[in-house]
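Can you make the complete structure from the sequences, with help from the hints?
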Amino acid sequence: MKFTKEDKILLYRNMVRGRKYDEELVELFAKVKVPGMWHSGIGQEAVGAGAATFLRKDDWLEPTHRGYTFGLAKGVDGKRWLAEHLGRATGFAKGKGGHYVAPKGSGVLPFGGTIGSAFPISAGAGISAKRLGKGQVVVCLFGDGAAQRGTLHESMNLAAVWQLPVVWVCENNLYAVTAHLSQSMAVKDIADLAHGYNMPGVIIDGQDVLAVAEAVMEAVERARAGEGPSLIECKTYRYRNHGEGGAFPTSYRTKEEEEEWKKRDPIVLFRQCLLDEGDATAEELDAIDKELVQEVLEASRWAQESPWPEVGQAFTDLYAD
Amino acid sequence: MKFTKEDKILLYRNMVRGRKYDEELVELFAKVKVPGMWHSGIGQEAVGAGAATFLRKDDWLEPTHRGYTFGLAKGVDGKRWLAEHLGRATGFAKGKGGHYVAPKGSGVLPFGGTIGSAFPISAGAGISAKRLGKGQVVVCLFGDGAAQRGTLHESMNLAAVWQLPVVWVCENNLYAVTAHLSQSMAVKDIADLAHGYNMPGVIIDGQDVLAVAEAVMEAVERARAGEGPSLIECKTYRYRNHGEGGAFPTSYRTKEEEEEWKKRDPIVLFRQCLLDEGDATAEELDAIDKELVQEVLEASRWAQESPWPEVGQAFTDLYAD
Amino acid sequence: MREISMREALKEAIREELLRDQTVHIWGESIESKGGGFAICRGLTDEFGERAKDTPLAETAIAGSAVGAAFTGLRPIVEIMFSDFAFVCGDEIFNKMAKARYVYGGQDGFSLPIVVRMKVGGYVSIGAEHSQTPLAPFMHAPGLKIAFPTTPYDAKGLLKTAVRDDNPVMFFEHILHYGARGEVPEEEYLIPFGKARVRREGDDVTVVAIGYMVDLALKIAEEMVQDGVSLEVVDPRTLQPLDMDAIMRSIKKTGRVIFVDEDVTCCGVPAELMARVYERLTEAGKPPVPMARVGAANVPIPYSPPLEKAVLPSPEKIAAAVEKVLV
Amino acid sequence: MREISMREALKEAIREELLRDQTVHIWGESIESKGGGFAICRGLTDEFGERAKDTPLAETAIAGSAVGAAFTGLRPIVEIMFSDFAFVCGDEIFNKMAKARYVYGGQDGFSLPIVVRMKVGGYVSIGAEHSQTPLAPFMHAPGLKIAFPTTPYDAKGLLKTAVRDDNPVMFFEHILHYGARGEVPEEEYLIPFGKARVRREGDDVTVVAIGYMVDLALKIAEEMVQDGVSLEVVDPRTLQPLDMDAIMRSIKKTGRVIFVDEDVTCCGVPAELMARVYERLTEAGKPPVPMARVGAANVPIPYSPPLEKAVLPSPEKIAAAVEKVLV
Ligand SMILES: Cc1ncc(C[n+]2csc(CCOP(=O)(O)OP(=O)(O)O)c2C)c(N)n1
Ligand SMILES: Cc1ncc(C[n+]2csc(CCOP(=O)(O)OP(=O)(O)O)c2C)c(N)n1
Ligand SMILES: [Mg+2]
Ligand SMILES: [Mg+2]
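Residue numbers (numbering that gives the first Met the number 0), protein chains in the order written: chain A, 0 to 320; chain B, 0 to 320; chain C, 0 to 326; chain D, 0 to 326.
Derived by calculation from the structure, the hints in this document are not laboratory data.
The beta carbon of each residue, even a glycine, is placed where N, CA and C say it ideally should be.
None of the hints are false.
Examples of chain A residues lying across from chain B (beta carbon under 10 Å, computed): (1) Gly115; (2) Asn156; (3) Leu157; (4) Val186; (5) His194; (6) Met198.
Dropping the structure here:
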């Protein structure tokens with residue numbers, strides 16, 4: 000895929016929007032009493048933005064628990080997502096679900112609290128996509144920890160043998176909670192797993208949003224053309240701890256490692272790239288940043304001011320009639 | 000491993016014993032009212048015998064549901080196994096378990112009725128073997144259908160990352176019940192899966208008992224030496240349908256395919272090999288055959304004449320005290 | 000009216016729904032190559048192509064893909080060969096199918112139109128992992144619906160209703176029922192969920208029997224006529240929704256009730272039903288009626304026929320429970 | 000006596016058992032790098048090396064490997080971070096751990112000495128798949144033992160007993176209990192399974208409360224003193240084995256009982272307990288006593304705090320049930 004200047008600006012916006020929402024959530028968790036959990040995705044924005052920005056509206060995206068970037072890029076209304084996260088009546092599920100809930104119309108698939116349950120759900124969406132014949136594609140995001148679940152094997156095999164239009168995108172940030180990948184997997188590269196499913200597997204610099212977008216969209220076009228699934232591994236890093244507020248140790252990784260990765264911040268890198276290529280001026284990008292800060296502040300205020308759900312809501316919506 | 004003449008005769012005996020028990024069970028299911036199910040392993044004896052014959056008594060073997068060969072070769076008393084299969088009080092579990100039950104002393108691991116549950120059980124035995132430091136090794140037998148379960152991924156990965164002494168031996172007979180492997184897996188060779196666990200994976204002629212024994216014992220020695228797990232795929236074929244007595248269609252494979260495979264019967268091939276190499280005479284082998292026919296007949300009579308368990312047995316043995 | 004087997008009734012239901020609605024698809028192990036575990040679907044692939052398809056041996060993929068497919072526009076029917084294997088895909092059933100709609104607050108008309116067909120039942124000596132009738136764990140998972148037909152007529156009507164239901168339905172088929180024959184009209188019909196059926200009228204004791212237990216209850220009911228005892232046999236047909244009104248109506252008539260279930264007794268469905276009857280009566284200011292329950296003994300299901308017989312419910316055990324509440 | 004938190008009590012139990020018996024090993028997600036999901040095991044790897052080890056993110060491997068290891072000579076303690084995830088390894092728990100000994104007819108002294116530690120409990124707004132207290136499905140699986148301590152003292156004594164038990168023990172730890180402090184002696188002690196503890200003596204109503212529900216029951220018991228109502232709070236401590244005698248003794252004294260459980264009400268443990276009390280009384284020729292149950296509403300556990308509060312048991316709901324049986 001060839002990216003126009005507008006495409007690139009959109010990628011930039013989507014990364015920055017994800018970052019700003021994320022920073023706001025980190026702050027809310029630190030300062031305000033907020034229900035639930037927040038798994039910050041700061042540092043990993045290139046993967047979510049690169050994977051989601053150029054999908055069709057009716058393509059499906061399977062989320063992870065980390066950050067908002069992918070979902071915002073897929074078109075989820077961040078303000079209502081945040082409200083859901085804060086447990087408010089104005090959230091997508093009236094507060095019943097928490098942040099793993101996005102509207103169906105956005106093309107975001109159901110996400111479960113059990114890591115690894117994303118795989119068969121994505122395969123299932125792939126069955127629909129293939130059988131309904133509208134050329135839809137499914138992108139399944141998953142972490143390196145998720146890659147250790149057996150559901151990966153069953154689902155990648157099913158997708159491969161049925162040639163389903165699913166693109167498996169691994170957000171390999173090297174850790175699952177506190178366990179380093181080398182303690183948990185026998186291979187260094189998740190892309191190696193592709194071999195067992197007879198599908199292409201590539202490794203991408205997950206801090207380079209263009210590289211991610213290119214690789215994902217190439218795989219998406221293959222899938223759309225009926226050529227089956229592929230696996231894309233994006234090497235990335237989360238700046239913050241596994242979750243906010245919990246009692247997470249910091250000893251499991253070194254300060255040096257953290258600093259090393261921060262030198263390759265995906266937003267900083269891409270900003271420089273846009274400037275270098277003459278796709279935007281510093282003023283233009285600053286204006287975008289400012290606009291998004293404003294958007295997020297307003298969203299956050301709106302969400303925080305939203306009412307709590309009525310208690311009676313607890314007893315509705317169990318069954319469709 | 001170098002095989003002596005005695006080793007080879009033992010392999011032959013173990014294959015023939017497995018075949019004779021199997022033929023007896025097929026007959027019992029056809030003629031006598033027998034409880035349960037029988038999954039005949041006729042045609043696949045080289046794998047069970049090759050994998051189990053030269054293990055140490057305290058090595059562990061994880062069984063499959065198909066045939067008796069591996070278990071008999073590991074030292075299970077066939078007569079009591081058969082009695083268990085017939086639901087008699089003289090069976091290993093007094094009839095409570097059915098044939099998936101062998102005594103602990105034989106080194107046969109627990110087998111579950113859910114295909115694929117063998118993988119984590121074997122990994123667990125590998126943890127014991129490694130931690131207890133007595134040089135034990137675990138051999139896990141599994142079918143090509145089982146290879147599609149997610150438990151394979153979780154367990155092979157665990158075994159590889161913890162460098163457990165487990166040898167994964169796939170009995171690839173091309174079908175799971177009636178589904179051909181090409182309908183169910185994206186790779187043609189199960190050995191390809193080894194790549195995702197950074198362990199050796201080899202393909203073996205599963206009709207050649209010496210080839211199986213060599214490959215397995217080489218992997219066993221690697222594992223014993225602390226060099227971790229390996230995967231061995233044995234290409235084989237079952238002559239009979241998935242199970243006896245059930246309403247299994249025959250349309251899912253061709254008569255030609257069946258005939259082609261029967262030309263390479265593992266016992267016939269090995270018999271010829273023993274004769275060619277001068278390891279035994281036809282008379283010696285005939286004598287073995289005859290002796291084993293006799294052994295099985297007596298075992299079967301004994302099992303059939305064994306009493307049913309007392310009804311009170313149904314309510315004991317739930318908890319250890 | 001023509002008589003067909005429950006096997007044929009189930010197949011007709013699936014076939015008719017596949018014909019009626021292009022979004023209905025069915026997949027599972029050996030569906031195409033064998034018609035599924037119990038050959039219900041034999042021939043469907045010839046007629047419907049990939050809409051009736053073999054999967055790999057992979058229950059999490061089967062159940063989980065049903066979730067993803069149902070969310071995105073299909074109405075999957077999937078088969079889990081033996082209900083004992085439902086625990087292989089426990090996360091997909093109990094955490095996803097059961098909870099998703101509620102967790103999504105019903106937004107966007109969110110629904111998961113899934114049917115999970117599962118063989119249940121013992122009495123055929125195939126061991127602890129192939130003989131269960133695990134009903135309580137599913138009834139303990141709000142968000143699932145549960146159907147368990149006992150005649151070919153009910154099987155066809157309930158399965159068609161299940162396919163059209165917008166919720167995940169656990170559809171149980173007893174191994175000893177597949178061959179059972181009964182009248183089934185040629186014309187299309189549906190059976191609504193949540194309507195019990197009185198399978199036999201009687202005056203002295205209400206027997207609420209689930210699944211194959213209906214057969215045992217009807218058998219002993221005939222025998223007990225000689226003792227001058229008249230049993231009313233109520234088949235709930237669906238456990239979720241459950242027709243408590245029908246059960247209470249029958250109890251009002253007989254004044255006594257026993258609950259019969261093939262599942263393990265401890266924390267089983269009969270305990271729940273006893274609690275509900277007790278609560279209903281108490282809330283209405285009425286005294287409790289004599290109640291008893293019959294279930295499988297609290298052990299895994301043994302393999303050997305005499306042991307299995309000792310563990311599972313039998314007409315004699317039902318009779319003993321009847322005697323208990325008659326005292 | 001010194002006071003420590005339940006977190007510390009649990010760690011002491013594990014540490015002492017690791018010291019006592021070389022075959023005791025512990026593994027689970029982030030055990031080494033974080034001390035497990037709730038940091039109970041922090042530091043154990045420094046002391047015991049590979050005997051306290053991180054696993055991959057793989058519940059079937061964790062639970063299934065415990066089966067294989069227990070069969071072959073180890074006494075594994077494994078951690079499933081959240082009990083909701085037990086359904087990920089449902090086959091390993093319900094089909095293997097629960098059934099294996101029985102299916103092996105107890106031969107060769109067959110046993111599976113396994114402890115599966117799991118966090119349970121809601122009230123902290125972390126959503127439908129992290130907030131359950133799924134007790135009934137485990138109690139419905141004969142062959143498992145079940146412990147659910149409510150004080151640091153009980154936690155330590157029961158966990159040590161669990162490690163020495165030759166059966167698979169499901170060991171539940173409530174999220175709101177980790178920080179709770181209480182007296183725990185320095186000297187070693189064990190608490191036998193199957194012995195309930197009367198946590199508060201009272202005359203009017205027996206409250207059988209499970210797990211964290213004991214805290215709620217004790218709270219409301221103090222408040223109801225003002226209304227002149229005296230509650231006796233019984234903590235079964237283990238559900239399998241279950242101390243029915245203690246429950247019946249208390250009921251004999253008070254003449255009324257309510258059962259309080261955080262799990263989903265439908266087909267929950269209280270229904271089973273109601274059935275057992277009813278059966279015990281009937282068999283003894285006695286009339287039933289007033290009974291009621293309190294459990295979570297029959298929905299998944301919602302995320303938003305006010306909704307979660309509406310769904311889960313509360314002191315007020317317990318009080319309402321007490322009023323019901325007092326009438
Ligand atoms: C089945 C299951 N096991 C464990 C957990 C607890 N858990 C939540 S996030 C997480 C780590 C996931 O790691 P990874 O997939 O690499 O994603 P990351 O958090 O690094 O983005 C774990 C173990 C869970 N939610 N579900
Ligand atoms: C979890 C689970 N799913 C399905 C089955 C039903 N089943 C029994 S044997 C079998 C096929 C196994 O195939 P394979 O592993 O290739 O072994 P083979 O029978 O060919 O020896 C199936 C699907 C089962 N027992 N357990
Ligand atoms: Mg990660
Ligand atoms: Mg096979």
